[in-house]
Amino acid sequence: MDTEFIVEYIPLYIEAAKLTFGIGLIGIVLSLIVGLVITFIQYFKIAVLKQIAGAYIELSRNTPLLVQLFFLYFGLPKAGISISSEGCAIIGLCFLGGSYMAEAFRSGIEAVEKGQEESALALGFTRSQTIGYIILPQALSISIPALCANMIFLIKETSVFSVVALADLMYVAKDLIGLYYKTDEALLLLVIAYLIILFPISILAALLERRLRYAGFGN
Amino acid sequence: MQDLGIRVLFMGNNFERLLEGLWITIRISIIAVALSIVFGIFLGMLMTVKNLVTKVLTKFYLEFIRIMPQLVLLFLVFFGLTKSFGINLSGEVSAIIVFTLWGTAEMGDLVRGALISISKHQYESGAAIGLTKCQVYRYVIIPQVCTRLVPLAINLTTRMIKTTSLIALIGVVEVLKVAQQIIEANRYTVPDSALWIYGTVFFLYFVTCWPVSLLAKRLEKKMR
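For the protein sequence lines, the chains are A and B, in the order given.
So in this note's numbering, spot 131 of the first sequence is number 131, and the numbers just go up one at a time.
So in this note's numbering, spot 96 of the second sequence is number 96, and the numbers just go up one at a time.
The hints are simulated quantities; they were obtained by calculation from the structure and are not laboratory data.
Warning: the hint list may mix true and false statements.
[Claimed, not checked] With a cut-off of at most 20 Å between alpha-carbon atoms, the simulated SDA-like pairs for lysine to any residue come out as follows: (1) B:Lys222 / A:Ala111; (2) B:Lys59 / A:Ile203; (3) A:Lys174 / B:Lys177; (4) B:Lys83 / A:Ile177; (5) B:Lys177 / B:Phe203; (6) B:Lys221 / A:Ile57; (7) B:Lys83 / A:Met1; (8) A:Lys114 / A:Tyr133; (9) A:Lys182 / B:Phe79; (10) A:Lys78 / B:Phe203; (11) B:Lys221 / A:Gly54; (12) A:Lys182 / B:Ile87; (13) A:Lys78 / B:Thr189; (14) B:Lys59 / A:Val191; (15) B:Lys177 / A:Ala165; (16) A:Lys174 / A:Val191; (17) A:Lys174 / B:Leu81; (18) B:Lys177 / B:Val93; (19) A:Lys182 / B:Phe85; (20) B:Lys59 / B:Ile116; (21) B:Lys59 / B:Ala114.
[To be verified] Pulled from the structure, derived: some chain B residues nowhere near chain A, Cβ distances all over 10 Å: (22) Trp23; (23) Glu92; (24) Gly126; (25) Cys134; (26) Val136; (27) Ile154; (28) Thr189.
Built from N, CA and C at the ideal position, the CB exists for glycine as well.
Given these sequences and hints, build the entire structure.
Okay, structure coming up:
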């Protein structure tokens, strides 16, 4: 182990981690929005959009992010649509994450007792009021564990961004291995960097889940 | 010349080569899933043992494997082992090792969940009617665990197939790598083939994973 080397290249990893984390965060927020929109479409059973949403979910859940990125970054420019590296990364992450978030929301909504919805409708709430005031607040707390798992999953998925020429953590590690043949040091820093990013989120998710379970929603 | 290079797909044996690449992906996933199921069942049972040491060890293994992106694990095994220990593994073997490690962790957690979800009186009733501990597991617990596990294991298979796309990055010639080769080989004659070729790879992955996830969904519904 060459400690000097490690100390020298830590700043490089910090930069890369910022990028990974930044794009991951944007991707997560956008996926949450996409997921919510799709949940609404499916809840209100809007005619054509419902089918499109269904097809999108199947398409995005059954293809890997790497292939999606290759298509976006190398394929689409041939059809005249050029997107920057960051753009591809964010679109790819959002395309992938949207369906996972939608599924999480949907399972939350399904877990809310049918009686809740019926009572609200019987009290004269409109359907949008029902979902806004009654269903969604309960569904959200049920789906939080799944949402947290999705967030960790999405941040992990950012590790393939090096293929669209983004200088993320993987890219830096590969670079250092290629340039200096310092495989051990580069990989060690890589592992530590991912641990620092993901471990707190994982612990936070576990704490949140336990809290929610104590709250005993719905039971 | 506005066909955007769809003809590259059917030139020579290009399409066959893509399918062969896909088969490599699927083969690696199947081997890894099979191994993961075997090891995962052991890990799951180990995790239900009430012993502090095994608990800490299994928890550590599970958390580490689950937190690390699979690509990082691939790099650790493919590059790290070679450099530090002089163990030279081919890309395919390291892929199988990594996906087995990962699958075992995921499967172990599923098995643990299934074992815990079986209520205590199943064990107690089994013991009460005079079954030995082995018999309780053989005739009462394992059949129930299996029915709960099957859809989850199938789901894991689709995830495994999707994640195997990463092995292109450690130089295994699977479907994505073949696609790259085809595009590069036809760079001069058909410079615009990338759209169709990568589109095809996208479609191939979908066609492979979709039926499997549909099956998982149906089994899950049937179980309820």
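Structure-based check of all given hints:
1. B:Lys222 / A:Ala111: With a Cα-Cα distance of about 18 Å, the restraint between lysine 222 of chain B and alanine 111 of chain A holds, given a limit of 20 Å.
2. B:Lys59 / A:Ile203: Holds. Lysine 59 of chain B to isoleucine 203 of chain A sits at ~13 Å (cutoff 20 Å).
3. A:Lys174 / B:Lys177: 18 Å, holds
4. B:Lys83 / A:Ile177: 10 Å, holds
5. B:Lys177 / B:Phe203: 15 Å, holds
6. B:Lys221 / A:Ile57: Measuring from Cα to Cα gives roughly 18 Å; hence the hint holds.
7. B:Lys83 / A:Met1: It holds: about 12 Å lies between the C-alpha atoms, which stays within 20 Å.
8. A:Lys114 / A:Tyr133: This hinted pair holds, its Cα atoms lying about 15 Å apart.
9. A:Lys182 / B:Phe79: Holds: lysine 182 of chain A and phenylalanine 79 of chain B sit about 11 Å apart, inside 20 Å.
10. A:Lys78 / B:Phe203: 18 Å, holds
11. B:Lys221 / A:Gly54: 18 Å, holds
12. A:Lys182 / B:Ile87: 17 Å, holds
13. A:Lys78 / B:Thr189: 15 Å, holds
14. B:Lys59 / A:Val191: OK: lysine 59 of chain B and valine 191 of chain A at ~18 Å, within 20 Å.
15. B:Lys177 / A:Ala165: 17 Å, holds
16. A:Lys174 / A:Val191: 13 Å, holds
17. A:Lys174 / B:Leu81: Holds, at about 15 Å.
18. B:Lys177 / B:Val93: Distance ~17 Å between lysine 177 of chain B and valine 93 of chain B Cα, so the pair holds.
19. A:Lys182 / B:Phe85: 14 Å, holds
20. B:Lys59 / B:Ile116: 16 Å, holds
21. B:Lys59 / B:Ala114: 17 Å, holds
22. Trp23: 16 Å, holds
23. Glu92: 17 Å, holds
24. Gly126: 28 Å, holds
25. Cys134: 34 Å, holds
26. Val136: It holds; valine 136 of chain B is separated from chain A by about 29 Å at its closest Cβ, greater than 10 Å.
27. Ile154: About 13 Å separates isoleucine 154 of chain B from the closest Cβ of chain A, which puts it past 10 Å; holds.
28. Thr189: With a cut-off of 10 Å, threonine 189 of chain B remains clear of chain A, as the shortest Cβ separation is near 14 Å.
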